[in-house]
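Asker: Sequence:
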Amino acid sequence: MPEGILTLAAAAPKIDTGNTAFMLLSAALVLLMTPGLAFFYGGMVRVKSVLNMLMMSFISIAIITILWTLYGFSIAFDTGNGFLGGFDWVGMRHIGLTEPFATYNIPIYAFAVFQLMFAIITPALISGALADRVKIVAWSVYIALWATLVYFPVAHWVWEPTTGWLFKYGVIDFAGGTAVHINAGAAALGAILVIRKRVGFKKDPFRPHNLPLVMLGAGLLWFGWFGFNAGSWLGADGVSAVAFTNTQVATAAAMLGWLLYERIKHGAFTTLGAASGAVAGLVAITPACGSVSPLGAIAVGVIAGVLCAAAVGLKYKFNFDDSLDVVGVHLVGGIVGSLLIGLFATGGVGQTAKGLFYGGGLAQLGKQFVGVGAVLGYSLVVSAIIAFLIDKTIGFTVDEDVEVAGIDQAEHAETAYDFTGAGGGLSGGTLNSATATKKVDA
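Just so we're aligned: the sequence shown equals residues 208 to 649 in this note's numbering.
The set of hints was computed from the structure by calculation and includes no laboratory data. One thing to keep in mind: the hints can contain errors.
To be verified - The following label-pair restraints were derived from C-beta to C-beta distances: (1) Ile343 x Asn288: 33 to 41 Å; (2) Gly554 x Ala475: 38 to 46 Å; (3) Phe476 x Ala235: 32 to 40 Å; (4) Phe576 x Val406: 34 to 42 Å.
Note that this is a predicted model, so its numbers are computed, not measured. Using N, Cα and C, we set each Cβ at its ideal position, and we do this for glycine too.
Please construct the entire structure, taking both the sequences and the accompanying hints into account.
Answerer: Put into structure tokens, the structure is as follows:
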């Protein structure tokens with residue numbers, strides 16, 4: 208978010224219709240990211256759990272929208288104190304149609320709906336770590352509690368320009384490296400340390416069932432991310448254009464970095480690696496896109512691509528079952544992007560703070576460490592507590608035999624693909640439906 212400039216209420220800017228239109232369009236782009244995420248994750252799981260994976264993202268849209276309207280926006284962005292917003296905007300009340308947010312020249316409603324889309328996708332990101340084994344009711348309760356106790360307060364810390372303690376401390380997070388990606392990645396780690404592992408973890412390969420779906424999801428994420436990053440300047444001008452450019456540049460660089468690591472380590476350039484590398488770059492440039500130059504964005508992207516590719520294997524070394532590498536991509540990518548601001552910030556884009564390589568010394572890097580540590584620690588602990596309580600009461604995961612048989616049928620009474628109907632057979636109809644299903648599920 209832009210640096211806050213406090214002025215008297217009488218000096219508040221008039222509403223700019225161009226910037227307002229830009230923000231509404233950006234909000235729509237960010238909403239598209241959640242279905243994109245659903246496809247990205249959905250393609251990576253097995254046939255028998257793809258609907259459950261899709262549903263975990265889509266239910267986030269419904270639940271978080273209602274909570275944001277009732278109290279989430281007020282907790283996150285009403286002034287309040289350093290750690291929690293006030294309650295003047297509960298139920299979206301007391302908001303004028305032409306009332307600007309803080310000193311920016313867009314209506315509060317435009318800002319609120321833009322930030323709603325951030326609040327929706329953040330808990331949806333967590334779902335990838337829990338794939339194949341989570342009850343949809345337990346997941347719904349989890350994200351409702353997590354958004355209330357973790358996301359809304361952390362968004363206030365990071366982005367509320369008047370009282371948010373991390374904002375006032377000087378932590379730079381242009382579009383969500385701490386509030387979104389580290390927050391979600393730490394939450395994923397907290398949850399998977401509490402709930403059981405998948406049946407066959409470290410034994411079964413858990414191959415993606417539909418790589419074209421993964422690539423489609425990654426493409427939609429990439430497209431929507433321009434609204435995510437450029438829109439976070441809250442206006443259309445040169446800074447938002449640089450943020451847009453840096454988003455593209457870093458994503459391309461991260462894809463190449465991931466693929467290079469993959470070729471050296473495993474001997475192949477994979478489509479899954481290309482998609483994952485792109486997402487790693489998007490994650491890393493999110494906090495830094497308004498602070499670095501395009502050359503800095505290349506560095507951020509390459510570093511993130513390599514480090515995230517290396518990090519996805521940590522789950523086997525440390526024995527935590529992160530199904531779709533949320534920790535390796537979002538937590539690690541968010542940390543990398545947030546800390547590299549302390550090295551590559553030019554002081555000449557959206558913020559005046561300079562990084563170490565531009566004469567700013569270690570001051571900004573120290574602030575970034577504080578922001579990373581505060582969000583990571585808080586989210587990890589509270590998320591683990593929430594997951595533990597749910598697991599010990601209503602149960603977080605389905606029974607193991609249900610997981611083996613297929614969570615889609617048990618939780619949703621549906622299957623993603625029908626191989627029994629007319630035209631549904633495989634290999635020109637030469638395989639019967641039982642054989643076809645067995646081959647696909649394998």
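Asker: Determine for every hint whether it applies to the structure shown.
Answerer: Now the hints, each set against the structure:
no. : hint                        : in the structure
1   : Ile343 x Asn288: 33 to 41 Å : holds, 36 Å
2   : Gly554 x Ala475: 38 to 46 Å : holds, 41 Å
3   : Phe476 x Ala235: 32 to 40 Å : holds, 34 Å
4   : Phe576 x Val406: 34 to 42 Å : holds, 39 Å
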